[in-house]
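Starting from the known structure of chain A, arrange chain B on it as the hints suggest.
Protein chains: 2
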Amino acid sequence: MSKEILGGYSARVRALLSKHGVEAFSRVSLALDDGRVIEGIVLPRPEFGDPDVLVVKLDNGYNIGIDVDRVKELKLVSPHRPAPLVELRLPHLKPGLPKVCMVSTGGTIASRIDYKTGAVYPFFSAEEIYSMIPELEDLAFIKAETLFSIFSEDMSPQHWERLAERIYETFEREKPTGVIVAHGTDTMAYSAAAMAFALRDLPGPVVFVGAQRSSDRPSSDTALNVICAVKTAVEAPFGESVIVMHGSPSDDFCLVHRGVKARKCHTSRRDAFRSVNDLPLAIVRPGGPITVTNHRYRPRNPQGPTLLNGFESKVALVKFYPGMGSELIETLVDKGYRGIVLEGTGLGHIATRLIPTVRRAVEDGVVVVMTSQCLWGRINMNVYRTGVELIKAGVVPAEDMLPETAYVKLSWVLAHTTDPQEARELMLKNMAFEINPRNEERYYPPVWWGLDVGA
Amino acid sequence: MSKEILGGYSARVRALLSKHGVEAFSRVSLALDDGRVIEGIVLPRPEFGDPDVLVVKLDNGYNIGIDVDRVKELKLVSPHRPAPLVELRLPHLKPGLPKVCMVSTGGTIASRIDYKTGAVYPFFSAEEIYSMIPELEDLAFIKAETLFSIFSEDMSPQHWERLAERIYETFEREKPTGVIVAHGTDTMAYSAAAMAFALRDLPGPVVFVGAQRSSDRPSSDTALNVICAVKTAVEAPFGESVIVMHGSPSDDFCLVHRGVKARKCHTSRRDAFRSVNDLPLAIVRPGGPITVTNHRYRPRNPQGPTLLNGFESKVALVKFYPGMGSELIETLVDKGYRGIVLEGTGLGHIATRLIPTVRRAVEDGVVVVMTSQCLWGRINMNVYRTGVELIKAGVVPAEDMLPETAYVKLSWVLAHTTDPQEARELMLKNMAFEINPRNEERYYPPVWWGLDVGA
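Protein chains in written order, with my numbering: chain A, -5 to 449; chain B, -5 to 449.
Isolated chain A, as found in the complex (with noise of 0.2 angstroms):
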């Protein structure tokens, strides 16, 4: 069986491992030519992977791919020794507890390889869900299923149409008191915001949960994450689609972010996500009660979900830069897109000579919408001159609107009507409070953070 799983890689490749006596999960050392000796698990090629590219399971965890060309000497260090698969244990779950649904898209969360073996297991069925984490079987009846199994880089309009489909006929079909989304932690802002707008009434929270390192590393955020998305699920009264992802780097709590006022920064942290303009919902600690932090939030609507279904592509986001040319607006509008978001500067200003470009694709009914690159804060065209002849040329300024929230919403926007006028007007109306009228001083961390000012 291990020799089939390397039927992926080129002959070359699959020679230079024969030869040796290497087969999948066969522990190596590999000489290469810049005089580096590394050594690792023999992995199956990866799905779309080059074929002459030996992809190797390191100690710490990572994967590591090296062309078949730098590798100067190979060794088989030890054969592989099937490990038994993670035992699943066929959960006795207490009768009466509340039904959670999970949908998996991908990403990290989804998939688990097992740190001795490099084995790679598919990690959503409820089973392994419950094998991994046994302290859900205190919390919910889980049902599981998989919906696509791609990186979150590659998830797009359609992807969220037929992710809010899929929300929407489980909450029907199932009554779950809520549906979490498992998703790649890069793009699942982007997905959280495009549920809040297809998906409204919910009767109870759409739920995304991600890890910013697989279950197979020691540092995986991946159990609390879970437990604290399932205990959301059960017991916050959000109708909303939210974030559920580590407050701190450590296994403390995790913190529930608006779909629409969150957003990634930071490439590796566990506690990567923060709300931006606005509070995190509630802090979640796995042994006690969720504590509500912001108390301006839609509850579970018992009536609901409405599915309000459509995403615009001819939709772009476009980020403003100091010499930036007109190529790329004008690009644009010839291609037929409907509608450009640029994250401008400051108040939400762009270059003097880029005006006419951006008035002309509205007279061309291409909706603009401005927003800040400073992602904190808030828009105001009427400040500068800039941002008056801006508002002149009908440019929309998204007040405090991310970027991608803002994207998101434009796509939306333009799937559900064909007049850029009355597309304008929806920019500018709260949906799922993802414009928030008030600003708070605690919303932007200080500058200073981590420093001693002093006294």
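Since the hints were derived computationally from the structure, they do not count as laboratory data. None of the values given here were measured: they were computed from a predicted structure. Please note that a few of the clues may not be correct.
You can't tell identical chains apart in this list, so a pair holds if it fits in one copy or across any two.
[What the hints assert, rightly or not] Derived lysine-lysine pairs resembling DSS-like cross-links, with alpha carbons at most 25 angstroms apart:
no., residue 1, residue 2
1, 66, 386
2, 329, 308
3, 13, 308
4, 93, 169
5, 169, 13
6, 169, 69
7, 423, 386
8, 88, 137
9, 169, 308
10, 88, 169
Positioned in the frame of chain A, the structure of chain B alone reads:
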């Protein structure tokens, strides 16, 4: 004189004003078509303003532009009373004060509208600076000049070249202890990064300073920022390009941020700037000594400066988003762009379907660099398949560089080499501490900031 100043407005606007005896700086009351009544001071038409839009300064200090078609009724509240200009005090400077040169590029800090009259004063003559901020008389002998008078969103690589040249000449000719650059805050971090690459071996700091609120507003941050900038220019040990702005919302201290590691993170707060993936270099209080908070810095070099000028305009910054098509990258390649900085997700990803487009761009000689829209953290393209394939396609992982800094650096690099391979190597070579090999816990503020998370 006041009537002449109104000459920039259209005949319709002038007719309306003249009919009611309104001059520039008269106080008027305007009834608008939406029922609002606005009172304020009529300002001269801005240089590039719409001639049909009347600009009125409100009592809260903001200017508002009102299309003349929207004015239902206009009343003269009080005629223009010429107010005395700020009294220019020729400062009585102690002999032997350190010399500081100021170069103004424009922005909020470089213009001042008298709160009572609405008159616009140029700010950057030394006399005016001393008159407005008398504390400076004890700190430095200031020489000031205006290089540009533009909004910072209109800065471009060509402006960076002229600014670098001027700063270089100023150090050579005037031998100041430091050069201060007055700059709009919107793109200040881009320009400060540009100076870090173009100016080396600095005998003193290049200190960017700006204002989030103009000096005619009671809450202006100008005075504290300028005082701290001058103190930094005189006393700080840094031979680097830095940004000095408020460190808190109060008028108590400023922080010195390294230009290549700083960004504007709030649209309007005085403490809008923060260091990302680095600590601020120092805390500056007006009354006390400078406290160095980051000992990894380049000290003043008495033998300097060296000018390594040049910025390539055919470089773009492109933010990835889910659903992004290949048109934007293809257009840049077709238009002869030599470099593209991608702002990807997470550890450095874009959609799998875009990888062939990126590969073709690289094959065409375009230098493609990966940064993260997370902003905090570090690119690591060896963890997931998408990253591995992008590396294989020739994409340069920009470590912990901000997308904005990577864009500026690539513009600088491509002005100094025509060889893509050399450019890729230079992008990964640390030149001005834009790459920080260390990650420290305290670089990233906790996501639970502002919440009571209990024990």
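Now the hints, each set against the structure:
Taking the closest pair of Cα atoms, residue 66 and residue 386 come within 25 angstroms of each other only across two copies (19 angstroms); inside a single copy the shortest separation is 65 angstroms, beyond that limit. For a Cα distance limit of 25 angstroms, the shortest separation of residue 329 from residue 308 qualifies both inside one copy, at 9 angstroms, and across copies, at 22 angstroms. Taking CA atoms no more than 25 angstroms apart as the test, residue 13 paired with residue 308 passes in neither setting, with 52 angstroms inside one copy and 50 angstroms between copies. When the C-alpha separation of residue 93 and residue 169 is checked against a cutoff of 25 angstroms, the pair qualifies only within one copy, where the shortest distance is 8 angstroms, while the shortest distance between copies is 74 angstroms.
With identical chains, the CA atoms of residue 169 and residue 13 are never at most 25 angstroms apart, being 56 angstroms at best within one copy and 70 angstroms at best between copies. Taking identical chains as interchangeable, the C-alpha atoms of residue 169 and residue 69 are never at most 25 angstroms apart, the minima being 55 angstroms within one chain and 63 angstroms between chains. In this assembly of identical chains, residue 423 and residue 386 lie within 25 angstroms of each other by CA distance solely inside one copy; the values are 20 angstroms within and 45 angstroms between copies. Taking CA atoms no more than 25 angstroms apart as the test, residue 88 paired with residue 137 passes inside one copy only; the shortest distance there is 15 angstroms, against 80 angstroms between copies.
Taking identical chains as interchangeable, the C-alpha atoms of residue 169 and residue 308 are never at most 25 angstroms apart, the minima being 35 angstroms within one chain and 55 angstroms between chains. Proximity of residue 88 to residue 169 under the C-alpha cut-off of 25 angstroms is restricted to the intra-copy arrangement: shortest distance 19 angstroms within a copy versus 80 angstroms between copies.
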